[in-house]
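Novice: Protein sequence lines, in the order shown, are assigned to chains G, Z, U, P, R and S. Using our numbering, read the first sequence as starting at 166 and increasing by one per residue. Using our numbering, read the second sequence as starting at 166 and increasing by one per residue. Using our numbering, read the third sequence as starting at 166 and increasing by one per residue. Using our numbering, read the fourth sequence as starting at 166 and increasing by one per residue. Using our numbering, read the fifth sequence as starting at 166 and increasing by one per residue. Using our numbering, read the sixth sequence as starting at 166 and increasing by one per residue.
Worth flagging that the hints you see were computed from the coordinates, not collected in a lab. Any given hint might turn out to be false.
Any copy will do: because identical chains look the same in the list, a pair fits if it lies in one copy or spans two.
Stated by the list, open to error - Listed below are the simulated SDA-like cross-link pairs for lysine to any residue, each with C-alpha atoms no more than 25 Å apart in a straight line:
no., residue 1, residue 2
1, Lys197, Gly176
2, Lys474, Leu376
3, Lys274, Lys379
4, Lys307, Gly368
Number of protein chains: 6
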Amino acid sequence: MKKGIGNYSIGDAFDDFILIKMSSRGVASNGKPFLTLILRDASGEIEAKLWDTTKEDEDVFVAEQIVRLSGEVNQFRGKPQLKIFSIRAAGEADGVQVSDFIAKAPVEKEVLLEKLTEAIFEMENSSLQRIVRALVKKHQEKLLTYPAASKNHHDYVSGLAHHIVSMLELARSMHALYPEINKDMLYAGVILHDLGKLKELSGVVTTSYTLEGKLVGHIPLMVEEIGDIAKELQIEGEEVLALQHLILSHHGKAEWGSPKPPLIREAELLHLIDLADARMHMLNRALAKVNPGEFTERLFALDNRSFYKPSFEQN
Amino acid sequence: MKKGIGNYSIGDAFDDFILIKMSSRGVASNGKPFLTLILRDASGEIEAKLWDTTKEDEDVFVAEQIVRLSGEVNQFRGKPQLKIFSIRAAGEADGVQVSDFIAKAPVEKEVLLEKLTEAIFEMENSSLQRIVRALVKKHQEKLLTYPAASKNHHDYVSGLAHHIVSMLELARSMHALYPEINKDMLYAGVILHDLGKLKELSGVVTTSYTLEGKLVGHIPLMVEEIGDIAKELQIEGEEVLALQHLILSHHGKAEWGSPKPPLIREAELLHLIDLADARMHMLNRALAKVNPGEFTERLFALDNRSFYKPSFEQN
Amino acid sequence: MKKGIGNYSIGDAFDDFILIKMSSRGVASNGKPFLTLILRDASGEIEAKLWDTTKEDEDVFVAEQIVRLSGEVNQFRGKPQLKIFSIRAAGEADGVQVSDFIAKAPVEKEVLLEKLTEAIFEMENSSLQRIVRALVKKHQEKLLTYPAASKNHHDYVSGLAHHIVSMLELARSMHALYPEINKDMLYAGVILHDLGKLKELSGVVTTSYTLEGKLVGHIPLMVEEIGDIAKELQIEGEEVLALQHLILSHHGKAEWGSPKPPLIREAELLHLIDLADARMHMLNRALAKVNPGEFTERLFALDNRSFYKPSFEQN
Amino acid sequence: MKKGIGNYSIGDAFDDFILIKMSSRGVASNGKPFLTLILRDASGEIEAKLWDTTKEDEDVFVAEQIVRLSGEVNQFRGKPQLKIFSIRAAGEADGVQVSDFIAKAPVEKEVLLEKLTEAIFEMENSSLQRIVRALVKKHQEKLLTYPAASKNHHDYVSGLAHHIVSMLELARSMHALYPEINKDMLYAGVILHDLGKLKELSGVVTTSYTLEGKLVGHIPLMVEEIGDIAKELQIEGEEVLALQHLILSHHGKAEWGSPKPPLIREAELLHLIDLADARMHMLNRALAKVNPGEFTERLFALDNRSFYKPSFEQN
Amino acid sequence: MKKGIGNYSIGDAFDDFILIKMSSRGVASNGKPFLTLILRDASGEIEAKLWDTTKEDEDVFVAEQIVRLSGEVNQFRGKPQLKIFSIRAAGEADGVQVSDFIAKAPVEKEVLLEKLTEAIFEMENSSLQRIVRALVKKHQEKLLTYPAASKNHHDYVSGLAHHIVSMLELARSMHALYPEINKDMLYAGVILHDLGKLKELSGVVTTSYTLEGKLVGHIPLMVEEIGDIAKELQIEGEEVLALQHLILSHHGKAEWGSPKPPLIREAELLHLIDLADARMHMLNRALAKVNPGEFTERLFALDNRSFYKPSFEQN
Amino acid sequence: MKKGIGNYSIGDAFDDFILIKMSSRGVASNGKPFLTLILRDASGEIEAKLWDTTKEDEDVFVAEQIVRLSGEVNQFRGKPQLKIFSIRAAGEADGVQVSDFIAKAPVEKEVLLEKLTEAIFEMENSSLQRIVRALVKKHQEKLLTYPAASKNHHDYVSGLAHHIVSMLELARSMHALYPEINKDMLYAGVILHDLGKLKELSGVVTTSYTLEGKLVGHIPLMVEEIGDIAKELQIEGEEVLALQHLILSHHGKAEWGSPKPPLIREAELLHLIDLADARMHMLNRALAKVNPGEFTERLFALDNRSFYKPSFEQN
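Please model the entire structure based on the sequences and the hints provided.
Specialist: Structure (structure tokens):
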């Protein structure tokens with residue numbers, strides 16, 4: 166397996182294909198135009214400057230274009246920067262594709278789908294089961310490829326499905342320990358809780374927020390969609406309302422985007438399971454980057470804390 | 166016009182019809198059952214105790230029953246209490262009805278409807294106009310009778326419509342002063358902003374929260390309903406999204422129940438107009454009860470402040 | 166099984182043994198002394214007034230005394246109160262003992278001890294294992310009988326051990342899902358996290374805060390004790406420090422009593438597991454008291470929320 | 166009308182008169198002195214560097230000096246910067262004056278004064294009227310030229326008077342809708358609420374905070390001045406106190422600089438009207454700079470929100 | 166010295182003169198009027214009910230009337246209440262006066278005045294000295310008798326002067342330790358910081374808030390008064406502004422009523438000295454009421470804490 | 166006395182010995198390595214860049230190395246930077262040592278020790294006295310050289326001892342004013358309150374946080390140490406607990422790192438004295454750097470305030 170850009174050190178030479186994630190034009194102090202490129206592969210991303218660009222360059226070196234680039238990793242104001250010696254757009258003949266440059270979940274899509282299907286199969290309440298099955302089917306393709314977030318946690322291909330499947334594991338353990346829990350409601354909440362992100366986020370490669378994501382947000386979008394599907398399937402009864410409540414309240418507090426706090430036991434549990442899986446994912450990733458005896462970088466989504474990796478841990 | 170219960174003083178005799186708003190059973194320290202009654206007419210409400218009650222009493226003296234009662238207004242732990250000398254259920258022959266005992270908006274339903282219709286007629290954007298017209302038509306009956314809240318402000322028959330019509334006045338003035346405002350969007354937001362309360366609140370006489378009110382709340386309920394009506398009317402375009410955003414954000418902050426803060430100019434204005442009308446209503450009502458030179462009771466919804474009525478004001 | 170005081174309704178007659186949890190003297194408006202008694206059995210507690218008491222009564226009817234009492238459950242200011250018809254102190258001949266009147270964990274002490282022992286046995290890091298084993302052995306008796314808190318959750322005999330064993334289950338599931346976790350550190354944290362409560366709380370029957378509990382609190386007390394035992398066992402190395410950090414940070418935030426927030430992955434997880442087990446316990450208990458379709462009482466430790474039990478749940 | 170500096174794009178040549186708003190000396194890495202100039206005209210401002218400056222340059226190119234400058238608009242660290250080709254101080258012969266380079270209210274001073282006078286004329290309470298008239302007269306010149314703030318809103322010549330006159334419009338509409346309002350008190354509060362800024366801010370061209378502005382602030386300064394003028398005019402009675410309260414509380418909350426929250430109805434309304442006018446002004450300005458379908462820059466004074474301009478709006 | 170009402174226990178007989186602090190009329194459940202009296206002497210206060218009162222009683226038993234009362238201290242809802250056996254208004258012949266029933270500072274007025282005068286004499290900056298001297302002279306009588314607050318701390322006759330003199334002691338020590346401090350400014354701030362309370366509070370016997378206290382508050386009132394006296398004395402210069410700032414900021418934070426936080430060293434110190442003296446006073450008083458080994462009642466002004474008196478302290 | 170680096174202006178030549186406080190390697194945009202050096206002497210610190218460094222340079226120019234350097238003070242992005250003309254490592258022959266370059270307390274170590282000893286001698290409670298004496302003896306060397314903090318206040322050699330001795334002065338004054346205070350407890354708290362910093366901070370020259378400082382913090386570390394020494398000295402009794410409480414609570418609030426707020430009078434006072442001394446120290450230092458009529462830089466630890474030095478102050 167080749168070395169990803171996230172693993173280069175200052176001074177290393179680079180000569181490989183890489184994907185343009187973002188490209189923006191500036192004008193230098195000498196009055197000449199240049200491009201700032203964010204380049205990425207599955208291991209990470211790096212900034213580069215392409216100086217004295219022509220109009221043609223600006224048309225070619227755009228987001229989602231793969232390029233063949235040779236250069237050197239330098240340091241600029243404390244951050245790595247890729248100094249470009251030569252660059253060209255990749256063509257069909259190069260045999261590379263966008264998906265080669267994007268991180269993927271450590272579990273295959275097929276396995277994730279199987280686990281989702283299995284959980285739905287276990288459900289006994291037919292109202293909840295039919296709603297979940299219909300929504301999973303409707304959104305299956307996006308559900309299996311979208312990330313769970315634009316950054317922070319599970320921000321890779323199939324990240325959303327991976328997050329859901331991890332949470333289903335936790336839900337199963339919790340149900341074993343606290344049998345009073347309504348497993349069907351909890352499973353339904355876990356599977357659907359972030360499905361509104363398929364509308365909130367723009368896509369897999371250059372994940373940003375859509376207009377409806379910015380103005381309404383994934384939580385009310387999903388509440389509305391559950392209402393719609395229930396009408397379509399002619400399902401009535403408190404299950405629909407309870408499920409809408411689980412989605413609505415899964416961020417736990419009004420300040421965190423849930424207009425109602427959890428008021429049903431399974432809603433509280435959904436919130437806690439979501440929190441636990443997201444935090445473990447972020448911590449594992451950050452700790453993997455440092456050696457025993459070191460602290461991680463500050464983690465914004467964990468209250469800006471910097472975590473310690475004990476020195477008696479095996480690396 | 167007869168004197169309402171809200172205007173009786175300690176020591177006054179009472180002999181009139183009055184409505185039971187709430188009735189609950191207790192057991193006295195002597196072991197005998199009694200009823201605690203909350204009695205109301207259009208001017209206010211008062212507590213009363215009916216001692217040594219029989220099983221029959223408990224069946225007769227229930228919420229929404231009108232009674233003929235004679236007694237005296239006493240004081241108990243600092244609050245007025247109606248001491249009952251005699252009480253009987255009112256019958257058909259008495260010629261009284263529930264609506265006689267409930268406060269109404271100071272403007273007639275017909276006038277309110279006319280003003281609403283006029284505002285809708287003024288709208289030029291046909292998408293917004295059609296959505297508003299369809300929802301007003303669909304909910305017309307409840308919209309013209311429901312209160313705007315279970316307490317605090319506009320908590321009387323037709324309170325919601327009265328609140329909307331006042332806000333339309335403010336919206337019109339604001340538009341005159343700031344012509345950049347999109348009047349259609351603002352009008353649509355004003356008319357629909359609290360329509361979700363028709364699902365959130367249980368009714369006109371004994372207004373409480375419904376289950377969907379408690380678990381989902383009027384804001385997401387209305388966002389969903391706007392989505393539904395747009396699909397039904399086959400209206401597409403950013404107007405639907407913008408309108409959903411206005412509803413979603415009209416409480417102004419996440420902590421106050423709006424998962425998104427206002428991000429459109431008219432959303433910000435809708436929030437300010439709603440605040441201003443609700444506060445003026447509460448202040449006017451509280452100040453009407455005190456004399457110049459006095460402070461009002463503490464107003465919970467106004468940060469628990471007690472307001473002063475200057476002594477140079479005419480009463 | 167006999168009916169506990171927590172299951173009596175207003176109007177029910179009571180004639181049984183019951184334990185005095187607290188007794189305090191007052192003087193009535195007629196100038197005569199009386200006793201306010203808090204009476205409890207394993208199902209709950211109730212207040213009672215003993216009027217016109219003698220000096221002798223005050224000496225006999227004290228905390229931890231069992232009494233034979235006949236009376237009737239009345240209501241006073243909205244809360245149940247036991248009206249006393251007759252009362253006498255229980256003697257040896259009555260064959261009742263204090264432990265009969267106190268709620269116990271649903272799992273036997275022996276089973277709890279076995280599970281604790283098993284978890285300690287699984288540990289591979291000998292420093293952590295030796296510290297945990299020494300502290301469990303030192304405090305074994307209290308550890309197996311103390312509640313986890315004076316109210317809120319696991320507030321019954323063996324509540325602390327029950328809480329620990331539930332958390333160990335969660336820790337085991339988490340470790341299976343996230344194998345990067347250092348299981349030994351997490352187990353050690355789970356077992357010791359609340360052991361400082363054995364110093365903070367006064368005892369099992371009339372659980373209150375000790376002076377060192379009030380002035381220092383269970384968290385710093387336990388940090389100190391881990392330091393002491395490590396010195397005694399001559400254990401050095403970062404394990405001691407890491408374990409002290411887990412205890413110190415398990416409340417998650419400075420405002421909640423942890424001077425350091427979790428800065429080690431297992432510390433974050435310990436906090437989340439503690440939260441989840443405590444909340445599930447409180448929710449299960451509150452929901453068990455209401456019928457489907459009803460809301461629970463407000464739960465102070467859950468941000469004063471009142472939870473809904475869906476009507477499609479089996480009771 | 167000539168093109169203002171706020172409308173230049175990167176790469177545009179500039180050759181015109183412009184005003185120095187601020188000038189500060191630095192030393193470059195080559196050890197030579199340079200000047201950083203902030204240049205402004207009525208449309209906006211831009212930074213420029215004047216390299217290798219002499220002592221004479223430093224004496225000439227100072228704040229409030231108009232210069233003739235030719236250069237080019239470049240980009241430096243993401244912000245526009247004016248590259249200077251040649252620069253000279255303007256003289257009398259150039260026929261330019263400072264006021265040509267400063268933004269003005271969209272309404273003429275004379276009109277603003279007329280509207281103010283009209284409102285004062287409408288007042289019926291002679292105590293309030295005399296105080297307002299005396300203070301307006303005393304400060305008339307500054308009142309008609311000062312901005313309402315050093316940035317954020319109404320930060321242009323006559324901005325304060327423009328803000329007051331807009332608020333008077335809102336006050337008039339509010340009074341029409343809620344006739345219980347004491348119009349005289351509200352008008353007096355509107356006219357005087359920010360007059361303390363004439364002492365708090367240093368002037369019209371280079372608006373900064375005075376020492377008394379920093380140490381005492383415009384609110385207590387104005388409370389003191391109302392007390393002074395009342396003594397001077399020998400006006401007694403609650404009107405003075407009420408007016409001082411309106412000024413004192415118009416920021417609404419202690420955290421926002423009002424030691425007392427509004428405790429008089431008109432004080433609450435004054436706060437709401439001030440908020441509404443300031444926010445509409447900021448929103449209109451920010452939205453005017455973007456196209457339909459775009460978001461504005463973040464607006465610090467509006468909780469750092471970025472607002473959306475719907476795509477169905479006419480530009 | 167006779168035993169004060171604050172030192173009576175439940176069951177004690179009372180037969181002495183006592184002062185009515187407050188009297189309010191109620192109507193009992195039997196329909197008869199009664200008076201609730203708050204009675205006080207220098208040691209504390211107690212509530213009493215006077216049943217079945219006549220119109221005459223209501224005219225006689227009013228605030229600031231001394232009465233001769235015999236009765237017994239009972240307990241009512243957990244608080245002491247004085248049961249009245251007989252009561253009569255005191256007359257001239259009884260030789261008692263209001264001041265006999267009010268707590269006084271432990272230092273005589275004359276001594277306090279001397280210390281104030283001495284501090285003023287020490288001041289070297291003539292502007293500050295003249296302002297302080299003029300204000301102390303103007304308000305001397307009230308300044309020497311008023312309490313520093315209506316409750317909490319130094320709430321007795323001459324409490325304000327006592328508080329000032331204690332703070333002057335602290336200021337002197339601080340100046341000795343940190344000679345950089347401007348002693349004159351600090352002394353001036355200490356002496357004047359709470360002088361606005363002479364306008365904010367109604368008086369010595371029945372201390373309540375005046376209307377200007379409620380609407381403007383002692384801080385802005387004093388800022389205004391310093392401005393007035395400086396104009397009167399024709400004192401100009403930064404001293405006046407600095408002194409106004411010290412008064413304005415002495416509560417330390419906007420939320421605590423200071424629109425500007427301390428921005429001058431002596432302002433910060435004034436805030437800290439004020440805090441220290443007020444807290445020590447409250448703590449000493451609360452601790453004096455409990456025995457070693459006990460906790461005090463909760464102290465609202467100290468964040469509702471309950472303080473411990475160590476058992477190794479001498480009583 | 167020679168001119169310290171903190172007193173150089175832009176453009177000044179530098180030719181002297183100076184200490185490297187920190188050294189870190191970077192790679193320039195030309196691909197060549199360079200060192201960023203933080204250089205300090207007792208008067209302050211400055212950044213410098215050493216370009217085109219060799220591997221040998223990196224080994225020589227490290228933290229705690231003294232160098233002979235000639236260069237010039239330039240300005241880079243608004244901050245002073247030392248441009249290096251020549252640099253060499255100092256050797257024995259140069260007769261300079263690390264301590265020459267570090268700021269020291271304005272009072273000699275011997276004097277500080279004498280004052281500490283004197284205070285301990287004054288103590289009458291033998292338990293408290295023995296604990297304090299033992300801990301001071303044990304840590305004497307570090308106690309007399311460590312700073313009180315890594316920045317903010319008393320951040321120089323002997324800073325901790327200097328801070329303690331100042332606080333003892335304040336404690337003595339407070340005790341004279343409020344004789345109810347238990348002087349022994351207060352003295353013990355003052356002397357020991359920050360002794361945990363000897364474990365929390367890494368040393369005198371390059372002060373950073375140790376691992377136990379980061380994971381446990383000086384407060385719990387000191388609580389543990391007091392427990393240890395008491396066991397060692399076989400001291401029992403409430404004094405130990407009270408002293409642990411004083412240490413634990415001296416930051417005043419949970420959010421500031423004290424899991425218990427002060428619950429003993431002397432704990433409250435300790436907190437106030439600590440606050441006062443730290444703040445006066447920071448203020449004096451910041452004000453010494455500016456002229457009368459100027460504001461200081463923003464002081465982060467004083468809520469980011471910028472303080473004013475009145476123009477009527479002597480410099």
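Novice: For every hint, state whether the structure bears it out.
Specialist: Results of checking the hints against the structure:
1. In the homo-oligomer, the alpha carbons of Lys197 and Gly176 lie at most 25 Å apart only across protomers (9 Å), although the nearest pairing inside one protomer, at 27 Å, exceeds that limit.
2. With identical chains, the CA atoms of Lys474 and Leu376 are at most 25 Å apart between copies only, with a shortest distance of 11 Å across copies and 40 Å within one.
3. Neither within a single protomer nor between protomers do Lys274 and Lys379 lie at most 25 Å apart by alpha-carbon distance, with minima of 28 Å and 38 Å respectively.
4. Only within a single protomer do Lys307 and Gly368 lie at most 25 Å apart by alpha-carbon distance; the minimum there is 9 Å, versus 43 Å between protomers.
In the structure shown, a violation is registered for the earlier hint numbered 3 alone.
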